[in-house]
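Visitor: Given the structure of chain V, go ahead and fit chain P onto it with the hints provided.
Protein chains: 2
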Amino acid sequence: MKTAQQKLSNAFSANKHICVGLDPDKSKFPKSLLSSKDSVFQFNKEIIDVTRDLALGYKLNFAFYEAEGLKGIETLHKTIDYIGSDGFIIGDAKRGDIGNTAEQYADSLFNIFKVDASTLHPYMGSDSVTPFLQFQDKLNFVLVLTSNPSAIDFEKAILQNGSFLYQKVLVEVKNWNKFSNCGIVFGATQYSELESNINSFGDLPVLLPGVGAQGGSLEDVVRLFSLNRNNNFLINSSRGIIYRSNENDFAEQARLELLRLNDSVLENKI
Amino acid sequence: MKTAQQKLSNAFSANKHICVGLDPDKSKFPKSLLSSKDSVFQFNKEIIDVTRDLALGYKLNFAFYEAEGLKGIETLHKTIDYIGSDGFIIGDAKRGDIGNTAEQYADSLFNIFKVDASTLHPYMGSDSVTPFLQFQDKLNFVLVLTSNPSAIDFEKAILQNGSFLYQKVLVEVKNWNKFSNCGIVFGATQYSELESNINSFGDLPVLLPGVGAQGGSLEDVVRLFSLNRNNNFLINSSRGIIYRSNENDFAEQARLELLRLNDSVLENKI
Numbered sequence: 000m001k002t003a004q005q006k007l008s009n010a011f012s013a014n015k016h017i018c019v020g021l022d023p024d025k026s027k028f029p030k031s032l033l034s035s036k037d038s039v040f041q042f043n044k045e046i047i048d049v050t051r052d053l054a055l056g057y058k059l060n061f062a063f064y065e066a067e068g069l070k071g072i073e074t075l076h077k078t079i080d081y082i083g084s085d086g087f088i089i090g091d092a093k094r095g096d097i098g099n100t101a102e103q104y105a106d107s108l109f110n111i112f113k114v115d116a117s118t119l120h121p122y123m124g125s126d127s128v129t130p131f132l133q134f135q136d137k138l139n140f141v142l143v144l145t146s147n148p149s150a151i152d153f154e155k156a157i158l159q160n161g162s163f164l165y166q167k168v169l170v171e172v173k174n175w176n177k178f179s180n181c182g183i184v185f186g187a188t189q190y191s192e193l194e195s196n197i198n199s200f201g202d203l204p205v206l207l208p209g210v211g212a213q214g215g216s217l218e219d220v221v222r223l224f225s226l227n228r229n230n231n232f233l234i235n236s237s238r239g240i241i242y243r244s245n246e247n248d249f250a251e252q253a254r255l256e257l258l259r260l261n262d263s264v265l266e267n268k269i
Numbered sequence: 000m001k002t003a004q005q006k007l008s009n010a011f012s013a014n015k016h017i018c019v020g021l022d023p024d025k026s027k028f029p030k031s032l033l034s035s036k037d038s039v040f041q042f043n044k045e046i047i048d049v050t051r052d053l054a055l056g057y058k059l060n061f062a063f064y065e066a067e068g069l070k071g072i073e074t075l076h077k078t079i080d081y082i083g084s085d086g087f088i089i090g091d092a093k094r095g096d097i098g099n100t101a102e103q104y105a106d107s108l109f110n111i112f113k114v115d116a117s118t119l120h121p122y123m124g125s126d127s128v129t130p131f132l133q134f135q136d137k138l139n140f141v142l143v144l145t146s147n148p149s150a151i152d153f154e155k156a157i158l159q160n161g162s163f164l165y166q167k168v169l170v171e172v173k174n175w176n177k178f179s180n181c182g183i184v185f186g187a188t189q190y191s192e193l194e195s196n197i198n199s200f201g202d203l204p205v206l207l208p209g210v211g212a213q214g215g216s217l218e219d220v221v222r223l224f225s226l227n228r229n230n231n232f233l234i235n236s237s238r239g240i241i242y243r244s245n246e247n248d249f250a251e252q253a254r255l256e257l258l259r260l261n262d263s264v265l266e267n268k269i
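From first to last, the protein sequence lines are chains V and P.
For the record, in the first sequence the residue sitting at position 40 is 39 according to numbering that gives the first Met the number 0, with numbers rising by one throughout.
For the record, in the second sequence the residue sitting at position 247 is 246 according to numbering that gives the first Met the number 0, with numbers rising by one throughout.
Derived from the structure by calculation, the hints contain no laboratory data.
Treat each hint with caution, since some may be false.
Copies of the same chain are indistinguishable here, so a pair counts whether it falls within one copy or spans any two.
Claimed, not checked - Straight-line C-alpha distance at most 27 Å; calculated BS3-like pairs for lysine-lysine:
(1) Lys155 to Lys36
(2) Lys77 to Lys44
(3) Lys77 to Lys36
(4) Lys167 to Lys25
(5) Lys177 to Lys1
(6) Lys44 to Lys15
(7) Lys177 to Lys44
(8) Lys27 to Lys173
(9) Lys155 to Lys113
(10) Lys173 to Lys15
(11) Lys173 to Lys268
Bound conformation, chain V alone:
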């Protein structure tokens, strides 16, 4: 089986940078699906079927599954199985806890759910990340600067040395990256910060949420990475792809949107 690093590197070489966010929200499903026994899995399955050849991979935000209770967790497992071990799967669970607890979370994500990558909160520091780093063939995207408006509250707090807190997090993530299994989350909505920090990313893969529904520009982001000769970026789009239509053509429309996004990536690579 390929490591997370190999999967990512192969995808980037093939100009695949778009991660499809599978954040199921039944209120946005076509009515015809709702009569299905497991409408969430059915929805995911149809999206996966038409995007598998085009997408870099899938990001599953655990919140949307946990909100459906036990059945949601079953659906999460079924979806991960359906994507299969050739796919690249980010378990977007944003975990973070003290050492002995973080071990349990890492075990859950990598051994039970068998995802390729996690997302992690940095607030509690290195202890909370270390157990994840023991999995050398996996990837861990640490939150640096997120796409939401209140990223300003703490992430952009100014430190005594004049830098932002998120910049201190970025420096630490590079220190944690001994096994080349760290990455960062950087909101695509934070364009000017992206521009002023991209030279400090080193070879960390960068997961960029916030394109589409949240207002980030794919074109700007791709051009910036390209100008900086950095090919290590994953652009996530959830609502912008999977809820393009809430009629029976939702999967077809999702594929068309992903084709459009892939074209846009190619056009903006210089």
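Guide: Chain P in isolation, oriented as in the chain V frame:
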């Protein structure tokens, strides 16, 4: 049904301050339990049976259940049901995500798992907390200064105005507390910081992990709160209570330890 605030206030009035952390780790169970069909639930049940009359409530760290897969989630539900709606239950899941996702996490914790209180990461700012605050009869303990050694990495980062990041978080939590449904997590291992900040806690309930296995002193903490005429504190002990013995008397020993801790609370209240 009583609100989380009422449950907590009743417990404090009865001098109940100890929260039993139900963090099941099979490697520490007595051998005789391991043959049980659901040994984790059986373990929790026996602990609950002998601590129900003495404990303030229970803190369930979701990591330990998620690491057991679907079965673990079933056990989590069964344990919460067994504690029942008269008990006070903290769903220690340390969640934190952007607005529309945080809504799903809040729904999961308060409507699906039906716990009384959450624990939340502050890193992403107010957006990530707001959906939890809509639940006015629940409580949300935001991580301020945690009990682990690497709290120093970011929580103790020094800001431009000379204060620590965690102190900025504390100020914000007070702003978020319009419905009196916020609390804070402050490590019992961080005694000198506790001492220098206790006057800024206002009427926020304070959840203190880190007593026992992690090295925090219950006596010191109780005396400090008492000296400051602050009765709003919850002391969590997990390993120190539930793994007192790994023989068949584990429940009996857990009860004895809780009795001892309760006595110690009373002795150190001035």
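Visitor: Hint compliance check: list the failing hint numbers for this structure, sorted ascending.
Guide: The structure conflicts with hints 1, 4, 7, 8 and 9, although it agrees with all the remaining ones.
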